[in-house]
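*Asks:* Order-wise, the sequence lines are chains A, B, C and D.
Quick note: the first sequence, position 180, residue 180 per our numbering, numbers continuous.
Quick note: the second sequence, position 190, residue 190 per our numbering, numbers continuous.
Quick note: the third sequence, position 23, residue 23 per our numbering, numbers continuous.
Quick note: the fourth sequence, position 94, residue 94 per our numbering, numbers continuous.
No lab work stands behind these hints, which were simulated from the structure alone.
Do not take every clue at face value.
One copy or two, either will do: identical chains are not told apart, so a pair holds if it fits within one copy or between any two.
Calculated lysine-lysine pairs in the DSS-like style (CA-CA distance at most 30 Å, straight line) [to be verified]: (1) Lys3 x Lys164; (2) Lys189 x Lys115; (3) Lys3 x Lys189; (4) Lys226 x Lys252; (5) Lys336 x Lys105; (6) Lys251 x Lys226; (7) Lys140 x Lys249; (8) Lys52 x Lys105; (9) Lys86 x Lys251.
Given the structure is predicted, the values throughout are model-derived calculations rather than measurements.
This is what each chain is made of:
Number of protein chains: 4
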Amino acid sequence: MIKAGVIGATGFSGIELVRLLAEHPQVEISLLTSQTYAGMNISEVYPHLSGKVDCILSDLDPEQVVAESDVIFIALPHGHSAGVVKEAYNQGKKIIDLGADFRLKSAEDYEKWYKTEHTAQELLEKAVYGLPEVHRVKIKDADIVANPGCYPTSVILALMPALKENLIVTNDIVIDSKSGVSGAGRKAKVGMLYSICNESISAYGVASHRHTPEIEQELTNIAGEKVNLLFTPHLTPMTRGILSTVYVKLKKTLSLEEVRGIYEEAYQDEYFVKVLKPGIWPGTKLVAGTNNCFINLTLDERTGRLVVVSVIDNLIKGAAGQAVQNMNILFALEEKTGLTNTAVYP
Amino acid sequence: MIKAGVIGATGFSGIELVRLLAEHPQVEISLLTSQTYAGMNISEVYPHLSGKVDCILSDLDPEQVVAESDVIFIALPHGHSAGVVKEAYNQGKKIIDLGADFRLKSAEDYEKWYKTEHTAQELLEKAVYGLPEVHRVKIKDADIVANPGCYPTSVILALMPALKENLIVTNDIVIDSKSGVSGAGRKAKVGMLYSICNESISAYGVASHRHTPEIEQELTNIAGEKVNLLFTPHLTPMTRGILSTVYVKLKKTLSLEEVRGIYEEAYQDEYFVKVLKPGIWPGTKLVAGTNNCFINLTLDERTGRLVVVSVIDNLIKGAAGQAVQNMNILFALEEKTGLTNTAVYP
Amino acid sequence: MIKAGVIGATGFSGIELVRLLAEHPQVEISLLTSQTYAGMNISEVYPHLSGKVDCILSDLDPEQVVAESDVIFIALPHGHSAGVVKEAYNQGKKIIDLGADFRLKSAEDYEKWYKTEHTAQELLEKAVYGLPEVHRVKIKDADIVANPGCYPTSVILALMPALKENLIVTNDIVIDSKSGVSGAGRKAKVGMLYSICNESISAYGVASHRHTPEIEQELTNIAGEKVNLLFTPHLTPMTRGILSTVYVKLKKTLSLEEVRGIYEEAYQDEYFVKVLKPGIWPGTKLVAGTNNCFINLTLDERTGRLVVVSVIDNLIKGAAGQAVQNMNILFALEEKTGLTNTAVYP
Amino acid sequence: MIKAGVIGATGFSGIELVRLLAEHPQVEISLLTSQTYAGMNISEVYPHLSGKVDCILSDLDPEQVVAESDVIFIALPHGHSAGVVKEAYNQGKKIIDLGADFRLKSAEDYEKWYKTEHTAQELLEKAVYGLPEVHRVKIKDADIVANPGCYPTSVILALMPALKENLIVTNDIVIDSKSGVSGAGRKAKVGMLYSICNESISAYGVASHRHTPEIEQELTNIAGEKVNLLFTPHLTPMTRGILSTVYVKLKKTLSLEEVRGIYEEAYQDEYFVKVLKPGIWPGTKLVAGTNNCFINLTLDERTGRLVVVSVIDNLIKGAAGQAVQNMNILFALEEKTGLTNTAVYP
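Produce the entire structure from the sequences given, and follow the hints as far as they go.
*Replies:* Now the structure itself:
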């Protein structure tokens with residue numbers, strides 16, 4: 001059994017991690033930390049875990065959590081991981097950071113977009129961007145896995161086949177993403193109150209969202225040339241899910257069948273990514289509660305653009321589920337272990 | 001492997017059954033029928049099943065479905081089960097009817113409340129009311145399991161301990177239930193449109209809902225004396241879940257601790273039913289997607305009433321999950337097999 | 001023009017008051033205060049008011065607000081009104097308090113249920129409970145109007161005709177209310193986050209909610225004998241609206257027509273209260289955005305109970321709209337002035 | 001008083017028209033027709049109108065409705081207006097068609113996108129596209145007003161200032177729109193059930209939606225050169241509202257202040273259109289229940305694109321409200337008459 005510790009266990013990503021780890025056949029939870037609820041049983045904070053997870057939440061003591069765990073999941077806001085990551089790295093323990101601290105290869109980019117100093121720059125090169133469908137081989141041997149952001153996961157999976165095959169113009173990419181409110185986390189904020197969010201969709205972080213450089217970095221890697229894109233997220237009145245609608249220009253004329261063929265081939269061996277049949281446009285609910293990504297696409301002959309739509313559950317494939325998928329790779333388990341459930345629908 | 005056929009596989013209860021059966025370790029789906037979608041692959045109707053269930057939907061041929069199955073689940077509206085049930089009974093196959101046709105012991109009551117003739121009255125005495133927490137022993141040997149209604153499940157579990165111990169006045173019971181919209185099924189009705197249901201709660205079937213005699217029958221059985229109750233359901237702007245608030249009068253003075261003790265003891269060995277800690281009032285989301293029932297209660301000293309609140313997922317413990325639980329009992333499997341998942345929260 | 005000041009203008013009740021006052025043909029807003037946003041233009045906090053209300057929010061200075069206003073609306077949490085109320089009373093200005101401080105006639109009850117000292121007890125006898133359908137005549141001459149709570153408004157209107165006519169048993173009343181989330185106000189709390197509230201209904205304040213003594217006080221007044229009741233509120237996944245389902249026992253046998261007749265007569269001259277036709281059970285959406293209360297009822301012959309269902313918009317008839325209705329009475333305007341809009345449906 | 005008839009009064013656009021007309025100070029409803037509910041009082045179908053509109057619904061008799069009305073509003077699905085429009089035109093009565101039949105100037109385009117024959121082609125040239133902010137002068141004298149589609153309204157208002165000033169590249173326009181479910185109308189369809197729509201956002205009509213040629217026609221008119229665009233609508237889990245996010249390329253380098261200046265100037269005299277302050281991105285809830293359109297925009301220097309976000313209420317500015325605005329123009333009333341209410345928020 002793998003001993004897994006979760007730092008920040010009571011945020012929304014944290015609690016999904018706890019659920020997935022508790023149901024994972026080869027994991028034993030070693031330690032859960034929570035700044036807010038230390039000392040309480042996690043099932044008092046989250047009664048849906050009653051009878052499933054009985055664990056007293058601890059204050060964060062980096063030495064202790066590293067000592068007691070084989071793998072440490074960090075589910076903290078960005079800027080808070082350095083201490084634990086250093087300790088874990090020094091003790092040779094595996095780290096999966098769900099925050100943003102190790103996603104950008106460039107500390108300069110990090111400091112520009114996140115407006116905070118990066119205090120563990122020396123470890124950036126040890127980190128692997130944990131999108132298994134792209135970096136599976138490298139993840140296997142990584143010390144630190146930088147678990148991707150939720151939006152980037154949905155966008156990179158939507159564009160990887162097209163970029164890999166050099167189909168699209170790399171400086172004319174428009175990405176319009178729609179996220180459920182849980183993406184904003186569990187912190188009490190007026191803007192995330194039910195009464196404010198319900199019956200309203202709005203754009204935010206327009207032309208300035210921090211996931212922009214992350215998406216560009218990864219798409220640039222895949223394309224082999226500089227990608228430049230415009231990314232606009234929207235807050236949508238639903239708890240779960242991200243839908244990304246991606247608009248790109250083809251470099252040359254292709255039929256829809258050819259493009260579909262490339263996507264289907266790219267994902268034919270991927271357990272979690274599925275290209276739906278023509279005409280079936282995925283809603284986020286189809287993947288809610290799962291580690292799946294559903295994709296469909298079409299060509300608009302009138303404008304010469306390819307439209308790709310992808311959906312994920314922001315807290316699972318976009319956070320906790322992908323983290324478990326990465327853990328499975330790190331520990332040489334079957335990649336889908338503990339992640340095979342179907343969506344509860346409707 | 002148990003060969004399971006589902007009749008009416010594309011309704012909301014049907015599709016949940018399909019999901020649960022597909023994930024069940026000891027079941028093989030033999031046949032799925034659908035009046036509306038016969039000839040289509042079920043994953044075209046429900047893309048969340050893509051890659052999980054590949055099965056062409058059939059027209060209903062009672063002989064065929066009985067011949068090919070060890071157990072037949074019927075997920076049809078009331079009044080449509082007689083043909084298959086007779087065929088299955090005659091062939092010695094197990095039947096689990098999610099509809100209302102075999103729940104009421106009295107054909108007269110059935111015809112009064114459902115305003116339709118009962119065409120298989122001779123089989124009523126072969127049917128066992130499939131609430132395992134009450135009738136587990138009888139279910140084991142049943143030919144026909146009448147799977148309980150969603151409201152009755154939530155109410156009976158809320159009152160069983162109190163009635164069994166003779167704590168409450170049996171003719172002064174007020175039940176106020178709130179259900180998500182999925183309880184109304186997948187049929188297109190104006191009243192169930194998103195735009196009509198959203199941002200609105202309303203009462204319906206006031207003093208006339210068909211689950212009233214079902215609840216009374218079962219509570220009367222448990223109490224050993226005639227129970228008379230008032231039941232009012234409400235349509236609530238959410239997809240899943242039932243919350244029942246039950247107001248009863250104590251026969252004699254008891255402390256809250258005494259009543260809690262009785263409830264905790266009654267359910268201490270039940271995997272699916274949980275009495276939450278004092279002060280934690282369950283929301284429906286805590287059990288969404290699971291076969292669980294969470295309960296809490298308090299005494300109102302000012303009026304001498306006991307208030308019990310229970311929550312279930314109407315499509316799982318209130319339908320498909322309980323049906324699988326019954327199948328597990330019928331086939332001598334561990335009762336919780338295939339039903340152990342935790343709620344996806346939030 | 002009446003000069004109206006609003007204290008606590010940026011809470012949910014406050015902002016509805018501002019909207020209603022801005023659209024009122026005989027009101028001029030004199031001053032809006034806000035602890036959190038003092039110094040900002042209200043349309044920066046609430047952009048829906050852009051071009052409608054241009055007003056810089058002030059810090060609360062009781063002398064100033066009283067000096068500049070003919071009527072002062074207080075939309076603060078309970079326990080914060082004493083200072084302004086005293087100042088206004090001394091200066092002979094009219095006060096409408098949307099909080100709870102002047103609703104209970106007994107300071108002892110107040111201190112027991114609200115667990116805080118009452119610091120303006122000498123003014124309790126000057127306050128009139130501002131439910132116009134009950135206390136219209138007294139309100140006309142009141143100095144202080146205690147604007148009713150949202151739940152009490154829905155419940156008192158549901159029971160007034162029956163109690164006035166002495167139809168029902170006064171110590172056997174069960175009230176099950178369901179409220180939208182806006183009732184909890186605009187304060188950032190984890191429990192009111194979209195992701196927590198959505199897709200979940202739950203009970204709270206069971207047998208302990210502070211509106212209990214308020215409802216009892218008023219029903220006792222109407223009945224002319226001590227009323228004892230059990231009140232249970234539920235948090236419902238919608239922004240607006242309260243639906244109260246009230247279960248009472250008839251003192252003697254009456255036909256449904258007789259009871260309906262009593263209700264219809266009681267409300268025939270009320271502009272805002274409407275008894276719907278038989279069989280049309282009101283959803284909260286029917287009154288959203290309005291000052292209306294819709295009611296329907298039936299008799300359950302099986303249990304001898306009368307079931308009354310009422311719906312209001314918690315922020316309008318349950319708060320700001322009723323406050324404006326009270327102002328209209330205080331200033332001898334037509335009572336419906338500024339409150340005649342129809343619900344925006346669906 | 002203007003005598004107004006509404007054909008198709010019980011659809012969602014129809015019922016909003018009825019509400020607005022009933023509250024309009026210079027209108028008297030002459031006749032309401034409904035195929036489904038003819039013979040019933042409208043307040044039985046829509047109880048929120050109880051006490052506000054008492055009118056028996058009629059079958060559609062074109063001669064009668066034209067004879068009894070000064071203006072006829074048609075709120076039918078496309079393809080059903082020809083008969084009434086011809087009759088009204090011949091009798092010299094004003095027509096406002098909320099359907100799509102008279103929006104496209106080219107019958108060929110109509111038949112290509114709507115896949116049905118146009119049976120009143122001779123009247124196409126009599127119709128004026130009823131977006132007052134663009135065609136106010138022509139509307140004044142129109143016989144037939146083609147009330148714009150909901151999506152086109154939100155998009156044209158978002159782009160008009162930029163196109164008028166020749167700021168943007170006309171063949172590189174990406175439009176990503178998100179609509180509430182009420183846009184799909186009141187017809188019972190499985191895909192519009194609460195349980196299907198809730199907690200899910202999805203794209204539909206990708207690269208094929210019928211509003212595409214309508215938007216292109218109008219933008220081409222404004223730009224004075226051929227506009228070619230890609231339009232993708234999304235079904236969003238909310239009842240009301242459209243948010244359109246529009247991505248365009250600037251023809252030359254401009255500062256954000258310059259572009260904002262052009263937008264602010266363009267709309268400075270428009271009562272219903274408002275450019276919000278920098279950084280305040282409008283949510284659909286800000287305009288729900290109103291005839292307003294709120295806009296904001298920014299420049300993305302990284303990609304040289306302008307991003308414009310607009311929000312409207314799809315049933316008001318996107319349908320019934322705009323129809324009343326058009327009526328006001330036709331009858332030389334102040335344009336905002338009956339349309340000045342503020343959003344009910346939250």
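*Asks:* Now look at each hint and say whether the structure bears it out.
*Replies:* Now for the hints, and whether the structure bears them out:
Taking the closest pair of Cα atoms, Lys3 and Lys164 never come within 30 Å of each other, the shortest separation being 37 Å inside a single copy and 45 Å across copies. For the identical chains of this complex, Lys189 and Lys115 are neighbours both inside a copy (21 Å) and across copies (27 Å), given an alpha-carbon limit of 30 Å. Taking CA atoms no more than 30 Å apart as the test, Lys3 paired with Lys189 passes in neither setting, with 34 Å inside one copy and 34 Å between copies. Taking the closest pair of Cα atoms, Lys226 and Lys252 come within 30 Å of each other both inside a single copy (19 Å) and across two copies (23 Å).
Taking identical chains as interchangeable, the C-alpha atoms of Lys336 and Lys105 lie at most 30 Å apart only when both belong to the same chain, with a minimum of 28 Å there against 47 Å between chains. Proximity of Lys251 and Lys226 under a CA criterion of 30 Å is satisfied in both settings, with 15 Å inside one chain copy and 23 Å between copies. Proximity of Lys140 to Lys249 under the C-alpha cut-off of 30 Å is found in neither arrangement, the shortest distances being 34 Å within a copy and 43 Å between copies. Within a single copy, Lys52 and Lys105 get their C-alpha atoms no closer than 39 Å, and across copies no closer than 37 Å, so neither meets the 30 Å cut-off.
In this homomeric assembly, Lys86 and Lys251 never come within 30 Å of each other (Cα to Cα): the closest approach is 44 Å inside a single copy and 50 Å across copies.
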